[in-house]
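J.: Respectively, the protein sequence lines represent chains L and H.
Counting in the working numbering, the first sequence runs from 1 upward without gaps.
Counting in the working numbering, the second sequence runs from 1 upward without gaps.
Keep in mind the hints are simulated off the structure, nothing from the lab.
By construction, the Cβ of each residue, glycine as well, lies at the ideal position given by its N, Cα and C atoms.
SDA-like, lysine to any residue: derived pairs with alpha carbons at most 20 Å apart:
1) Lys141(H) - Ile93(L)
2) Lys100(H) - Val17(L)
3) Lys141(H) - Val83(L)
4) Lys91(H) - Tyr294(H)
5) Lys141(H) - Leu56(H)
Restraint-style ranges between C-beta atoms, simulated for each label pair:
6) Ser53(L) - Gly226(H): 45 to 51 Å
7) Thr228(H) - Ala80(L): 50 to 56 Å
8) Leu31(L) - Tyr95(H): 24 to 30 Å
9) Ala80(L) - Gly226(H): 57 to 63 Å
10) Ala13(H) - Thr20(L): 52 to 58 Å
11) Leu143(H) - Ser53(L): 33 to 39 Å
12) Leu31(L) - Glu312(H): 46 to 52 Å
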Amino acid sequence: MALTPADVARLGELARVRLTEEELVHLAPQLDVILASVARVAEVAGADVPPTSHALPLTNVFREDVVTESLAADAVLAGAPSVEDGRFRVPRILGEEV
Amino acid sequence: MSSAVVDFDDALAAFDPVLGLEVHVELNTASKMFCGCSTAFGAEPNTHTCPVCLGLPGSLPVVNAKAIESAIRIGLALNCKIADWCRFARKNYFYPDMTKDFQISQYDEPIAFDGWVDIDVDGETFRIEIERAHMEEDAGKLLHLGGTTGRIGDAEYSLLDYNRAGTPLIEIVTKTISGTGSKAPQVAKAYVSFLRDLMVSLDVSDARMEQASLRCDANVSIMPKGTTTLGLRTETKNVNSLRSVERALHHEICRQAAVLSSGGLVQQETRHWHEDGGYTTSGRLKSDAEDYRYFPEPDLVPVAPSREWVEELRATLPELPNLRKLRLQGDWGFTDLELQDVVNAGALDVIEATVAAGASPQAARKWWLTELARRANEAGVELAELAITPAQVAEVQGLVDAGTVNDKLARQVIEGVLAGEGTPAEVVARRNLAVVSDSGELAAAVDRAIAANPDVVIRIRDGHLQAAGALIGAVMKEMRGQADAAAVRELVLAKLA
Chain L
1 MALTPADVAR LGELARVRLT EEELVHLAPQ LDVILASVAR VAEVAGADVP
51 PTSHALPLTN VFREDVVTES LAADAVLAGA PSVEDGRFRV PRILGEEV
Chain H
1 MSSAVVDFDD ALAAFDPVLG LEVHVELNTA SKMFCGCSTA FGAEPNTHTC
51 PVCLGLPGSL PVVNAKAIES AIRIGLALNC KIADWCRFAR KNYFYPDMTK
101 DFQISQYDEP IAFDGWVDID VDGETFRIEI ERAHMEEDAG KLLHLGGTTG
151 RIGDAEYSLL DYNRAGTPLI EIVTKTISGT GSKAPQVAKA YVSFLRDLMV
201 SLDVSDARME QASLRCDANV SIMPKGTTTL GLRTETKNVN SLRSVERALH
251 HEICRQAAVL SSGGLVQQET RHWHEDGGYT TSGRLKSDAE DYRYFPEPDL
301 VPVAPSREWV EELRATLPEL PNLRKLRLQG DWGFTDLELQ DVVNAGALDV
351 IEATVAAGAS PQAARKWWLT ELARRANEAG VELAELAITP AQVAEVQGLV
401 DAGTVNDKLA RQVIEGVLAG EGTPAEVVAR RNLAVVSDSG ELAAAVDRAI
451 AANPDVVIRI RDGHLQAAGA LIGAVMKEMR GQADAAAVRE LVLAKLA
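Model the full assembly from the supplied sequences, consistent with the hints where possible.
T.: Quick look at the structure:
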């Protein structure tokens, strides 16, 4: 399954990365190599090997419902490029949500 | 602006509506889903945040056990199967309400699935099938500023408060609901109302729509009668009250019917409900290509509730609200209409407690739905918030039954209790409200009334017994209402016999 420049354009859109025509053509075969490599790994696993999503053989790691101390608001906002009224200020978000 | 609509009856004559409801419930845990920050409402912005809920690099989420418990109990109450193994997933999207650029949710492995509930509307039962109930975290709150409308389309910038980010949510998704016909909007409202009551009785959420701790996204499509191909659906958001659930669906059905009837196509899109104008406007186009690139959350290990735990939680389920209503209706002998009035007034609990304290169901219902409902309404509070207990209401009715006070005086007793003058008995004593039981005093008042109204006496002696009302009125007036009217009537007629 060869990745087309159109597929790459769609991926770029989803990742909010603007790509030129040139880059699309350039990246498609490179990403193909990655996909092919992952596909080869998938071939190794037989039907008896369940897909792994976690490296640790653990389940049910929970914490009690207890309130712990939060960060101070000024520390929270210290790294923000722009702040107003104790809130993060961000540019208008265009046409993505209502 | 609002769009063209056709009349609801006309729409239903030509089309069958098909619903799908997504309800988000904010759990009432003390701390967030994956960190120990408080979930308390109304704090100063960004004071309930930490590296985990801000998604700072290197932070690790850990699941709140109480949230899992609540999720399982909700699933069980909705007759769902509980997964014996499930994972969280990342839902990736770019929007500043989440700093991580993803929301931790569940994708193809919800904790609860394949359930159902039966919903009654006007005596007809509709089975709503539940597709799934899954766990996720709430997002932060945006404030759109700089424009004139406060809406994003008009805003110049937005301000973010992440206090809510990471609050545990349960999203309950129905399968498509068809066959409800013209009752579709009512069924949707009754279903959301059922969920609200259920969450409160399970004590897992405040479930307050006006505070957005219970939110409903209403999907609806219509298909021409006689066909079975689903139409394209719209998803209406910003539906913030039970009434708006019904109104928004009513409107959407009429709008879609107008579009299809004029040869147009319904767009698959998100629509925004405008409470004031009672219409929806187009929001984001929802294409099938919408791609959240879900993948298993690597920072959280799978949740595998043991069957023993699930059964333990099942044993904690309270009597479900709809079953309780049926039981109480049977116990009390109320008609459907009477019960409906009680439910609508939010008086089920107080009436149950009043009956338990010894009052008859009809008497309890009468006090809570008339005098006390009026006072609660005046004060702008819920019935249960009135400064009178169900036991005191039962005591007032006991005073009426014993003939100590009549209905009119009983209302003054209630007024006294509400004003903080003490128990009903104390109010009766302090205000000297007991009906006059001294028969000598009463007899003297009757004699005076007879002497003062010779013409009325003649009419009564002529057989016009209803004329006795004038004499009874005169006596009651002289006694300043503190007499038992029935006893006065007996006395008047006995004296004239």
